[in-house]
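Trainee: Take a look at the letters that make up each chain.
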Amino acid sequence: MTVVLEVENLSKSFGGIKANNNISFRASSGEIIGIIGPNGAGKSTLFDLITGYTKPDSGGVKFNGKSILNLRPDLISSLGIGRTFQKLKPFLDQTLLENVIIGALATGINLNQARDKALEMIDFVDLIDKRHYFAKELSTGQRKRLELARAMATEPKLLMMDEVTGGVDQKTVPGLVELIKKLNKLGVTILTIEHNMRVIMDISHKILALDQGKKIIFDKPKNVQLNEKVIDAYLGVVNATTS
Amino acid sequence: MTIEIIIQAIISGLLMGFIYALIAAGLSLIFGLMGIVNFAHGEHLMLSMFSSFWLWTLLGLDPIISIPITMLILAISGILTHYLLIRYILKAKMIVQICATFGLSVFLRSLAQFLWTPDFRNVGNPLLEGRLEIAGIFIGQPQFYASLVCLLSFLLLYLFVNKSETGLALQATAQDRKAAETLGINSNKMFALGWALGLSCVSIAGTMMSNFFFIFPDVGVHFALFAFVAVALGGFGSIIGCLIAGIIIGLVESLGGLLIDPSYKLLYVFLIYLIVVIYRPQGLFGR
Amino acid sequence: MNNNLQKAKLEPVWHTNKFIFALIFFLVTLFFFFPFINPSNFQLHLMIMIFMYAVMAQSWNVIAGFSGQISLGHVIFFGIGGYTSSFFYVEYGITPWIGIFIGILFSSLVAIAIGIPMLRLTGHYFAIATLLIGFSFQIIFQRWDLIGAASGLWIPLNWDNPWLTLQFHESKIPYYYIFLIFFLLSYFSIWIIYRSKIGFKLRAIRDDPQAASSLGIPVAKYKIIAFVISAIIMSPMGSLFAQYILVIEPERMFDIEISIIVLLIAVMGGVGNVWGPLIGTIILIPLSEYTRIFFGGTGGSVDLIIYGILIMLICIFRPSGLISFFPKKILERKKFL
Ligand SMILES: Nc1ncnc2c1ncn2[C@@H]1O[C@H](COP(=O)(O)OP(=O)(O)OP(=O)(O)O)[C@@H](O)[C@H]1O
Ligand SMILES: [Mg+2]
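Line order of the protein sequences matches chains A, B and C. Counting from 1, position 120 in the first sequence corresponds to residue 120 in the numbering used here; the numbering is continuous, with no gaps. Counting from 1, position 250 in the second sequence corresponds to residue 250 in the numbering used here; the numbering is continuous, with no gaps. Counting from 1, position 258 in the third sequence corresponds to residue 258 in the numbering used here; the numbering is continuous, with no gaps.
Isolated chain A, as found in the complex (with noise of 0.2 Å):
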């Protein structure tokens, strides 16, 4: 299997707080990577300093074998990078169908074809019924299939998603999960960011656990159930509170 991303020593502080301290993974061609961590881990953080949107301080973060350090978002997205976003961004006041079209565009097609590809990533999403409303009227866990669908559109061969499970009706989450794993069939390489760890455990071939910045354990799920430190920082939490 060929490394798609190689994140290598990254590190980002802002202020006194180490939001990331000298994270390093690899994430290999058509694989499923969980990450997880408690709340202010630095997940979201990570994503943010892969993707562009935040300058790391030190490390270095490799697509396809070539850095993309310190290169700007709109170019990471055009190399292959796709992602959404746990604060989510849809453009409200467009209807569903131009927020992903705009996606669609990112592949340089013309708009019937743009508008073609759209639709079949709003199938996709089953969203299709809804392809006329606008972003502002349509819920939560619609708009992260809206995400979705609109970062899909850009055919990114890495995928990174931020909650997509959080805050939405329970009763989708195992709509969204056979969505993850419908596109990882078709060969897309995918990070998510996860609190459920049902959901976790069942979809990833590795998971990157984090906590208050650091690296605790990057390995297979049954591992990472079963390591001591995992369950001090995070699952413990998780079974207290569901307790």
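Please note that a few of the clues may not be correct.
To give an idea of the chain B side of the interface with chain C (calculated C-beta under 7 Å), a few residues [what the hints assert, rightly or not]: (1) Tyr88; (2) Cys99; (3) Phe107; (4) Ser263.
Just a sample of chain A residues kept apart from chain C, beta carbon distances all over 12 Å, derived [as the list claims (entries may be wrong)]: (5) Arg26; (6) Glu98; (7) Asp169; (8) Gly175; (9) Leu226.
Simulated from the structure, these hints should not be mistaken for lab results. Small disclaimer: the values here were computed from a predicted structure and weren't measured. Every residue gets a Cβ at the ideal spot worked out from N, C-alpha and C, and that includes glycine.
The hints should help you fit chains B and C with the ligands onto chain A, whose structure is shown.
Mentor: Below, chains B and C with the ligands alone, put in the same frame as chain A:
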């Protein structure tokens, strides 16, 4: 060029700086409280100058005496502005907010032109006249007292906002409208108070300036521009930043005029704004 | 296989409403025949002002509606256009027809030069910066001796070659047609851009620049593009206006009031929609021209008093502009032209 001339320029720059600071403080207070830039600020200044002019012309009240009355007039117009206009646009898009106060400015300025013609007027024979001379440096009395009064008012405003109970309630509203409301603070009243206070500041500056400035419908425009610059320099919403920014503007204006070319005075100030906001968008003192 | 999807793919990206098309065709024809019904000079002047302000408000709308920024200094492109064509005619005898394009070039260069440092500014900072830049241009032009400083430029009158020198002393009708053509061209181009790939990308940036860049859209480049498009359609209006009045001076060509009026018109009609500025113009410009006549010289500000009141009312009651009065069915983007 003698050293006296330079000192003279520094002093007159400082004196104007205090006045700019008070005008800017009014703008900053309103912005800090509800995130709205009052693009009609210059017209409110103009209104206060005209109020003081008419009080003098019709009732023979010298500006220095009519300060409380112009304050009252402007405070009331501030409250009206809030209840009749601002209240409805608090949640609107920024473009709508800008247009609303911009519309108010167009309305007030043209109304003034319609009612009072574009003529230049002035307050003749005010109590404050003539010049003070200190060690070979001349200072116009009206300028001197205007900036003294403005500085004092500025300090009072600062104390009020930071020490009084109402001032603290204002700050709480500014920080978090919802949280303040759970504490029993009526944010609508606070906003109205903010407008009243903000325009009172303007009225003091305007009244004192009516002693030595021509009064005409467009008079507020340049002062408002300076106030925008001061507020941006000081960091939007920071009152103490206004004082320092006001002084910087006063000095840049007078020294730039003296050392380079007086006809480009405004440009120097504008240039400072552009440089600061482009390289330090949070302002000199903003976080 | 999937019925809904197949059906959806048959819908065009943009629906075309035949009725509105017919209406526009009818109106354009009317415009072309208008001079044949012997309109008065005032009526011609009114129409010319409508065409001019409709284009200028559209230019403002490009920035506000496409990239979401509020410009309070839009008059600079008007002034540059007017001064450039006039200067090249006065100084070198170059026909204003070419001058218009030199003006467009200069305006675009200025748009880029201003646009690049302004990229970092948003919201109030941007608005205030443009306001100050507008004033700065006026101050500089008032003192720039090459182009006549405060006394401005007087375009030498010429009776021999009206079409070459673009000055018509006998009748306003040629001006009427020239402004009409520029108006149609500008609106048609903006309408095309609105529906094009560029239009989609610009709207994405307006709504959320960060999300736009996650989709591979270079935000800075497209903001500059919007600025340049805006300058390109504004600048010829300055050139044509200069030919219309034949004496230009900084107070007139860089009048802050022009910046204000184009903003009021666009907001009144509805920002972000191609037709908003036109609707605003059709209401506000006749209003101001008629009040000016009605109140005469002394009441020169009555129109602005009314503008001010109207705009405040719009902000309170119809923040999306008068266009929102149209039935929702027509407005919904898929049906609106
Ligand atoms: N722009 C910023 N400025 C200052 N501090 C920041 C910034 N972004 C993140 N932080 C801090 O960095 C730390 C990591 O934040 P991050 O958003 O990456 O956490 P997270 O793992 O995504 O948490 P959550 O599960 O809540 O989404 C937090 O302490 C946060 O407060
Ligand atoms: Mg996060």
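Trainee: Return the status of the interface hint for phenylalanine 107 of chain B: holds when the least beta-carbon distance to chain C is below 7 Å, violated otherwise.
Mentor: Holds - the Cβ of phenylalanine 107 of chain B comes within 7 Å of chain C, reaching about 3 Å at its closest.
Trainee: Regarding the assertion that aspartate 169 of chain A does not contact chain C, is the least Cβ-Cβ distance greater than 12 Å?
Mentor: holds, 22 Å
Trainee: Using Cβ atoms and 12 Å as the threshold, tell me whether arginine 26 of chain A really stays out of contact range of chain C.
Mentor: Holds: least Cβ distance 23 Å, greater than 12 Å.
Trainee: Can we keep the cysteine 99 of chain B interface hint, with Cβ of chain C closer than 7 Å?
Mentor: It holds, given that the least Cβ distance between cysteine 99 of chain B and chain C is near 5 Å, below 7 Å.
Trainee: Does serine 263 of chain B pass the interface hint, meaning its C-beta sits closer than 7 Å to a C-beta of chain C?
Mentor: holds, 6 Å
Trainee: Does tyrosine 88 of chain B hold up as a contact with chain C if the rule is Cβ-Cβ below 7 Å?
Mentor: Result: holds, 4 Å to nearest chain C Cβ.
Trainee: If we take the beta carbon of glycine 175 of chain A, is the closest beta carbon in chain C still more than 12 Å away?
Mentor: holds, 17 Å
Trainee: Looking at leucine 226 of chain A again, its CB stays over 12 Å from all of chain C?
Mentor: At about 36 Å from chain C, leucine 226 of chain A clears the 12 Å cut-off, so the statement holds.
Trainee: Compute the least Cβ-Cβ separation between glutamate 98 of chain A and chain C, then decide whether it is above 12 Å.
Mentor: violated, 7 Å
Checked against the numbered hints above, the structure breaks only hint 6 and satisfies the rest.
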